[in-house]
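Novice: Below, each chain spelled out in residue letters.
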Amino acid sequence: MGETLRLLARDKVALAAALFLLLVLACAVFGPVVLGEAADKMNLRQRNAPPFSLADGWLYVLGADALGRSILARIVVAARDTVTIATLAVALSLVAGGTIGLVAGYARGWTETVIMRFADILMSFPSLLLAVVVLYVFNPGVATVVAVLAITRLPIYIRTIRAEVLEIRERLFVQAARVLGAGPVRLIGRHIAPVTVPTLITIATLDFAFVMLAESALSFLGIGIQPPDVTWGLMVAQGRNYLATAWWLAFFPGLAIMLTTLSLNLLSSWMRLAADPTQRWRLDRAPDTGAR
Amino acid sequence: MGAYLGRRTLQSLIALAGLVVLVFFLARLTGDPTNLYLPLDASLEARAEFRAKHGYDDPFLVQFGGFLVDLTRLDFGESIRKARPALDVVLEAIPTTLRLAAITMSLAIAGSILIGSLAAVRPRGIFDRTASILSLAAASAPDFWVAITGILLFAVALGWLPTSGTGTALHWVLPIAVLLIRPFGLLVQVVRGAMITALSSAYVKTARAKGVRERSVVFVHALRNAMLPVITVAGDQAAGIVNGAVIVETIFGFPGVGKLMIDAIEQRDFAVIQAAVLVTALLIFVMNILIDLAYAMIDPRVRHG
Amino acid sequence: MRASRLVTGAAAVLSVGSVASVAVAEEIKVVLSEEPDIVDPCEASRSNVGRVVKQNVAETLTEIDPDDGSITPRLATSWEQVDDVTWRFKLQEGVTFHDGSPFNAENAAYAINRTLDDTLDCEVRIKFFGGMEVTPVPVDELTLDIKTAEPAPILPTMMGTMTIVGPNTPMGERTRDPIGTGPYRFANWDVGQSITLEAFEDYWGEKPVIDKATYVFRGESAVAAAMVEAGEADIAPNIAVQDATNPEMDHSYFNSETSRLRIDMQLPPLDDIRVRKALNLAVDREAFRGSIFSEEVVPATQLVTPAVSGYNPDLKVWPYDPEQAKALLAEAAADGVPVDTEIRLVGRYNIYPNATEAAEALAQMFRDVGFNIRLEMNEVANWVDIFTKPFAEDRPPSLQQAQHDNNNGDAVFTVFFKYHSDGGQSTTTNEELDTLIEQATVATGDERRRLWQEAFRMIHEDIVADVDMFHMVGFTRISPRLDFEPNISMNSELQIAKIGLK
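Chains as they are written, first to last, in our numbering: chain V, 7 to 298; chain L, 250 to 554; chain H, 11 to 512.
If you're looking for bench data, these hints aren't it; they were derived computationally from the structure.
Be aware that a few hints might be false.
Sample of chain L residues with no beta-carbon within 10 angstroms of chain H, all distances over it, derived [as the list claims (entries may be wrong)]:
hint : residue
1    : 308
2    : 376
3    : 386
4    : 460
5    : 532
In silico DSS-like pairs for lysine-lysine, Cα to Cα no more than 25 angstroms straight-line [stated by the list, open to error]:
hint : chain 1 : residue 1 : chain 2 : residue 2
6    : H       : 399       : L       : 302
7    : H       : 326       : H       : 287
8    : H       : 336       : H       : 287
9    : H       : 100       : H       : 217
10   : H       : 336       : V       : 47
11   : H       : 508       : H       : 217
12   : H       : 512       : H       : 217
13   : H       : 137       : H       : 157
14   : L       : 302       : H       : 137
Here the structure is a predicted model, which is why all the values come from computation and not from measurement.
Just so it is clear, CB atoms sit at the ideal spot from N, CA and C, and this is done for glycine as well.
All chains, full assembly: derive it from the sequences and hints.
Specialist: Given below as structure tokens:
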């Protein structure tokens, strides 16, 4: 642990990413308690007040939205629902899709065929139709949003992991393990799955951004988050109408999404190096700035 | 190979049939188009009459029977909104969509392989850091945001490009650029990740030891091994453009199949939903078959069982 | 494209200079927010169809004056009521359809029968002639009698919605190549891309200035506005208030829409009039003006605009008085009305520009006086299901974001459907009002106007059926080279022939 922190402290970029993610987490945990009221306080006379002015107090430093509410306060408060939904949706599709993909790639035969054609069907099924069906058939709460988003993203994990497994299972060390009598569970869990992790993480971090933005489309259909609750995706979507006249409405929540995604990715690729004994040496070396 | 293709095609056709059945019933779970088609003031009698005339009051199974009978004549039904054969409506929109997808994905794949590989040569180097941050930022930017800002900047303020529409090659620049950023950003990351692994693998070390030139170590030996996930993710992104380039189609006035599908779902234009899903699914299934064939070509150890 | 516009422009300048002017094609480009699905003139009451074909391609017998709802001649020169169930129209002489067929009583009758044929689901029939039995009877070449089974006192007004297509337009089948008598021929439809209209050489009326109009389609208001700004288009009929930032180019107009929240009066606590009054008193209407809506919207007292015959000018706008709202709620609560029941505010994304913000603001204002509101945005189909009968038995009490557009001159198109016990969207059940509506429907002239005015008074003062919002405005961006001022009819038509050049 101490060793990991020491390594992290050496890498300024990874450190910054970690700190930013901590900040987002803090917002998610404490935001609604501290700024909940400020985020809902409407003042139409302050509609679309521009950013970087302290005239109305520090809460309005990022400007005000179309109802004159503090954008800063709303971003802080929205962190909770945004992070919850995105994390659940990404985690669910990653775990489910990853597992199914592992099974498909390892099992081959008819299991693989059924799984892969099922993935083809999911991939071709229009996600809006899925959302509307859910709206009509189920109770449109937060759980349904998570489910819709997760199901839509399943095929990419299934297909990618299965493709990787096809190659990995032919590698020498897997063949060796098999010859030494490792059972399928052990083979998948100990030998194959770990090799697929980097690709999974890469896709998952970028899916974070996608899911955060896609979730807002469901709000307009009446599924999931409804005002006065708010997420970054919803803020970005509501700011869309004002892009030409008040860019800050969509820009700052969009920036929050971007920075979160970026931090997740930078930190995860750092962790990947830190966790891999064969790559770890790269971290102990001073970052290559190319300046020398 | 031939046997594999035949079997694979057969499986895909079965899946396609399953998809069409699924879409048929699920779409009808969301209500019929009567209330949406008729004006709000239409009387209950007018609504009942409309339902009866178009068969929306029949049990789903009866409607499905009618659909199957029509299918045997290759009739996909008539769009209730457009009063035309649904298949015609969809086929009209396909070329634009395909062109958008083809141009975007070729650029995204070529660009990401170059940038991603160079980044992987020196992980955490200055080039890697810059490329990563830029591509990630691009991939997580809201597409409509990029689209509208692009129009305001390049068309209105600078006057370099047309705002929208499909007339000349210049009209394609902004839409392609907007479509490009997410697949490009994602693929750069995937290429980079796969290449870092590939470059530290035993056979690359062997190749280096044999004195193979660094450029061909990276772009031939390592890349070949890194291609599997790249192709898969590229396929997923291409599918995304085929059935979901809605933002670009709406904002730039490109009459593609994504907008058509969204409108049809909103209006419960069942015939168009079915035809659009069938045609796009067909494209996606064919693409997936090609991708699976490509796996075997890239890595001969991956045999088709 | 821009280059060709420049050439056209340059040619226009030259032709003004030289006396022996060569005929120059004057072209304009219109940006609509949505491509029409069909262009059959019998669907002209849909705004995106109407803006292309109505009065441009296909004309009507009468025309409704957008300013005061009066009826003016178009293809009919005059009309009179022969008896209770017969109106006689004298038709314009020397009119031909675009395909050369003559316009006469027989062909007019054909066009009317085609629209009213129930094998076609024409919106004009369902919306304006639903449940009516109408028989056109040619009397001579230029005289047409229109008989109805029941007395139809406002038939001339209704004929302002009935587009006349040529006799070669197939019966019982949609046309994709509409033929009318209008100043423009339907020249080309490149699906997904554009629709082109070209001036009709043999038009019976005044020759228009514009020779060719091309319609293109952009869903995003900011893009439509940008196209006019960049000189790629000449008119964007419908842009959002926040994009109307250029006073040189942007014109506002009353779009004949009136917004409101429909109160579901059948369920407690909304069945109590004090609660409904409290809702109205809780809304700070002034705060909406110049913020979420344009400064030019006008607080409404009834669901029709002053241009509609039957508008009651004496009604008072609800004041903003949160204290009184709280007092009324307390009073109702003391009488056992369950005022803290959760009320659903049923919103619809984009029902009008900034609808989501408006719904959020309203919800907040209601909460501020003590209501328990849950905002719920809906997709269109769901919204319509909630809005129209049959209402679900187990529904929660609701307020529903709605907007109504009556640009057809008479209040009957509004009042029956929205407030009569049998109206398809009415939650009102008031026998006195029902009787009044039935009387007004068959009355004529001043009596008719007076009865509608009384109906609106009852709805506003005695029943309080709505949370009144605004008479809305739309914004049009118009290139400075055009000479054109939009008016209230802009929501349903765009007469290219009325556009001039500066």
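Novice: In ascending order, which of the hints set out earlier in this document are inconsistent with the structure?
Specialist: Hint check: nothing fails, all pass.
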